[in-house]
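In the order they appear, the protein sequences are chains A and B. Numbering-wise (this note's numbering), the first sequence opens with residue 1 and increments by one. Numbering-wise (this note's numbering), the second sequence opens with residue 1 and increments by one.
Just so you know, the hints here were simulated from the structure itself, not pulled from any lab data.
Copies of the same chain are indistinguishable here, so a pair counts whether it falls within one copy or spans any two.
EDC-like cross-link-like pairs, simulated, lysine to aspartate or glutamate; straight-line CA separation at most 16 angstroms:
1. Lys-117 x Asp-99
2. Lys-181 x Asp-214
3. Lys-13 x Glu-38
4. Lys-117 x Asp-45
Protein chains: 2
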Amino acid sequence: MVTLRPTLEQVAKLAGVSRATASRVVNGAGGVSAGVREAVRAAVDSLGYVPNPAARSLVTRRTDSIALVVSEPTSQVFGDDPFFIDVVRGVSAELEAGDRQLVLMTTDTPAGRERVKRFTSVHVDGVLLLSCHGNDPLYSALGKQGPPVVCGGRPLYGPSLAYVDVDNVGGARQGVEYLIKSGRRRIVTIAGPQDMNAGVDRLIGYREAIAAADRRAIVAYGDFSRDSGERAMHSLLADEPELDAVFAASDLMAIGALAALRNTGRRVPDDVAVVGFDDIEQARYAEPPLTTVQQPSPLLGREMVRMMQRILCGDPPDSPMTLPTQLVLRSTA
Amino acid sequence: MVTLRPTLEQVAKLAGVSRATASRVVNGAGGVSAGVREAVRAAVDSLGYVPNPAARSLVTRRTDSIALVVSEPTSQVFGDDPFFIDVVRGVSAELEAGDRQLVLMTTDTPAGRERVKRFTSVHVDGVLLLSCHGNDPLYSALGKQGPPVVCGGRPLYGPSLAYVDVDNVGGARQGVEYLIKSGRRRIVTIAGPQDMNAGVDRLIGYREAIAAADRRAIVAYGDFSRDSGERAMHSLLADEPELDAVFAASDLMAIGALAALRNTGRRVPDDVAVVGFDDIEQARYAEPPLTTVQQPSPLLGREMVRMMQRILCGDPPDSPMTLPTQLVLRSTA
DNA sequence: AATATCCATGAGAGCGCTCTCAGGACTCTT
DNA sequence: AAGAGTCCTGAGAGCGCTCTCATGGATATT
Numbered sequence: 001m002v003t004l005r006p007t008l009e010q011v012a013k014l015a016g017v018s019r020a021t022a023s024r025v026v027n028g029a030g031g032v033s034a035g036v037r038e039a040v041r042a043a044v045d046s047l048g049y050v051p052n053p054a055a056r057s058l059v060t061r062r063t064d065s066i067a068l069v070v071s072e073p074t075s076q077v078f079g080d081d082p083f084f085i086d087v088v089r090g091v092s093a094e095l096e097a098g099d100r101q102l103v104l105m106t107t108d109t110p111a112g113r114e115r116v117k118r119f120t121s122v123h124v125d126g127v128l129l130l131s132c133h134g135n136d137p138l139y140s141a142l143g144k145q146g147p148p149v150v151c152g153g154r155p156l157y158g159p160s161l162a163y164v165d166v167d168n169v170g171g172a173r174q175g176v177e178y179l180i181k182s183g184r185r186r187i188v189t190i191a192g193p194q195d196m197n198a199g200v201d202r203l204i205g206y207r208e209a210i211a212a213a214d215r216r217a218i219v220a221y222g223d224f225s226r227d228s229g230e231r232a233m234h235s236l237l238a239d240e241p242e243l244d245a246v247f248a249a250s251d252l253m254a255i256g257a258l259a260a261l262r263n264t265g266r267r268v269p270d271d272v273a274v275v276g277f278d279d280i281e282q283a284r285y286a287e288p289p290l291t292t293v294q295q296p297s298p299l300l301g302r303e304m305v306r307m308m309q310r311i312l313c314g315d316p317p318d319s320p321m322t323l324p325t326q327l328v329l330r331s332t333a
Numbered sequence: 001m002v003t004l005r006p007t008l009e010q011v012a013k014l015a016g017v018s019r020a021t022a023s024r025v026v027n028g029a030g031g032v033s034a035g036v037r038e039a040v041r042a043a044v045d046s047l048g049y050v051p052n053p054a055a056r057s058l059v060t061r062r063t064d065s066i067a068l069v070v071s072e073p074t075s076q077v078f079g080d081d082p083f084f085i086d087v088v089r090g091v092s093a094e095l096e097a098g099d100r101q102l103v104l105m106t107t108d109t110p111a112g113r114e115r116v117k118r119f120t121s122v123h124v125d126g127v128l129l130l131s132c133h134g135n136d137p138l139y140s141a142l143g144k145q146g147p148p149v150v151c152g153g154r155p156l157y158g159p160s161l162a163y164v165d166v167d168n169v170g171g172a173r174q175g176v177e178y179l180i181k182s183g184r185r186r187i188v189t190i191a192g193p194q195d196m197n198a199g200v201d202r203l204i205g206y207r208e209a210i211a212a213a214d215r216r217a218i219v220a221y222g223d224f225s226r227d228s229g230e231r232a233m234h235s236l237l238a239d240e241p242e243l244d245a246v247f248a249a250s251d252l253m254a255i256g257a258l259a260a261l262r263n264t265g266r267r268v269p270d271d272v273a274v275v276g277f278d279d280i281e282q283a284r285y286a287e288p289p290l291t292t293v294q295q296p297s298p299l300l301g302r303e304m305v306r307m308m309q310r311i312l313c314g315d316p317p318d319s320p321m322t323l324p325t326q327l328v329l330r331s332t333a
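Hey, can you work out the whole structure from these sequences and the hints?
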């Protein structure tokens with residue numbers, strides 16, 4: 001503010017070269033003799049020169065920043081769920097390695113969506129879209145034109161976009177198969193919302209495993225929150241008092257289920273086994289510690305960035321990527 | 001990428017006016033006749049014109065974006081603690097209202113700090129600094145020159161910077177006073193790390209209340225995490241078997257303390273009362289539900305932005321702002 | 001020795017925008 | 001009716017940078 005930032009021109013003058021040459025050195029382009037290069041570097045250091053990104057991006061038409069758009073219709077969801085912050089951490093770490101900036105945008109209104117659309121069309125090189133709802137209107141809005149998009153989580157409908165997802169189907173199947181192998185007879189599920197891909201896919205995984213074992217699928221729905229899990233568990237208990245295992249599509253719901261089970265006098269895992277999904281911090285401290293399907297959230301963020309970087313380099317488009325999940329055995333199953 | 005974005009020049013041509021006039025309309029500057037204004041607006045709409053921010057900021061010397069720098073020496077801390085995400089939500093919401101962009105930077109290495117220093121010096125209009133450690137070197141590094149800085153949480157040392165903080169001292173005092181009023185005799189505390197302002201201030205609040213009631217301060221230290229709370233509780237129990245109340249400087253530590261109390265056969269609140277600090281989601285579901293001092297994290301984010309906006313408007317510098325806390329009574333005290 | 005090739009460098013155009021300044025068309029004074 | 005003021009508009013100069021292209025000297029080729 002107070003002191004005007006030095007310009008390339010000043011660096012060039014101090015180094016006794018032209019602006020073009022100074023630019024070459026600053027950008028690491030070749031074709032500059034060693035002596036000149038050193039002189040320019042010295043000038044940069046002594047002046048404390050930092051390139052003006054606006055001037056640069058005006059001509060290069062790149063901004064070296066990418067947006068992480070978090071479409072968040074129910075702001076509660078993200079608050080309780082460490083998933084989001086883990087993804088952000090991954091994105092941020094991977095981006096820093098590539099020297100790009102992270103512009104974070106959250107959206108929970110149609111007006112916000114409009115802002116995002118306008119903004120991303122010029123201000124960023126790419127958009128990472130993280131939406132809990134797989135049918136978010138942003139998917140199609142951003143897909144049409146403008147910068148490339150990489151989604152976190154498979155979009156449920158709309159245009160085919162590049163995406164990175166977690167193996168929700170496989171993870172759920174694995175969790176349920178484990179319950180079957182442990183000799184559980186009547187395995188129910190607390191499914192997530194069916195307008196989110198995680199909700200849909202985890203239910204598919206449950207159904208696949210159940211069908212493969214010739215059992216009957218018994219489903220209640222929640223919204224991934226703890227309370228919804230508790231309610232769903234109560235209703236399942238009312239309908240199927242004989243149940244001896246439950247697969248919950250989120251840890252929070254599993255923890256709610258644990259409470260319901262406790263309140264109705266069931267012992268876990270003796271009477272009822274419980275498997276969750278996510279492996280959040282709280283799972284470790286649940287009473288008893290929760291057996292759950294772990295998903296690699298920070299890795300999701302990293303891989304989204306990597307995919308974007310490949311797109312930005314002009315590499316041939318990747319096929320969607322699916323990250324593996326892993327069953328973590330603790331005490332509830 | 002494919003289609004070149006329309007420029008102001010094209011808008012002007014289509015509207016039959018000069019670039020200068022088109023610019024006036026786009027920026028809402030006065031002194032344009034109604035007819036011309038409408039013509040330009042129509043041209044903007046039909047072309048789908050979006051101003052190029054790089055070109056604009058090249059001349060205005062503003063970027064209309066501010067950085068949220070999260071200095072995160074222990075990446076664990078933020079992961080478990082919903083505090084950070086709440087602040088981000090507040091920042092983001094308030095910023096969108098003002099039409100500025102949020103650039104998120106995290107830092108956990110000296111190299112990262114260097115990046116932040118360089119980056120923020122040119123790319124953003126202001127810096128919001130959120131550091132859990134009150135003696136973070138970034139405080140002084142960013143204070144020197146470059147864009148204005150607003151800190152979340154009072155910096156422990158270093159230059160006097162604008163900041164917004166939560167009333168940690170008052171909140172802690174209030175919590176402890178409540179324990180005293182409830183007739184508790186031997187009130188211990190699990191304090192947070194003493195290199196974080198929240199850790200320091202909450203301990204001060206405890207000491208003040210204890211001193212005012214002529215009691216003896218009994219302190220153990222944790223790092224705000226659940227496990228550290230559990231450990232600290234065990235050690236306090238060993239030293240002071242007669243204790244009948246504990247004030248924990250974070251909910252996570254309080255929850256750890258609850259586990260330790262349970263394991264050693266103490267009933268809460270009958271034998272020992274517990275008060276936490278933060279009021280995170282889990283506090284409601286603790287066993288039993290945790291009485292705690294609530295801090296307004298999203299508001300902290302909002303107020304940081306507001307203070308920054310005032311600074312950017314050239315208003316006289318604010319004095320530091322302290323946000324109120326509130327005791328939330330549940331079942332542990 | 002003459003020509004072709006290569007490399008390091010500089011000159012200069014232009015990216016899209018804002019903003020100052022000058023000028024033309026009015027209206028308001030006196 | 002002439003001067004003064006007011007309002008709207010356009011011309012044009014940059015903001016700091018990148019990048020193409022021309023230049024000229026050194027080196028390689030015949």
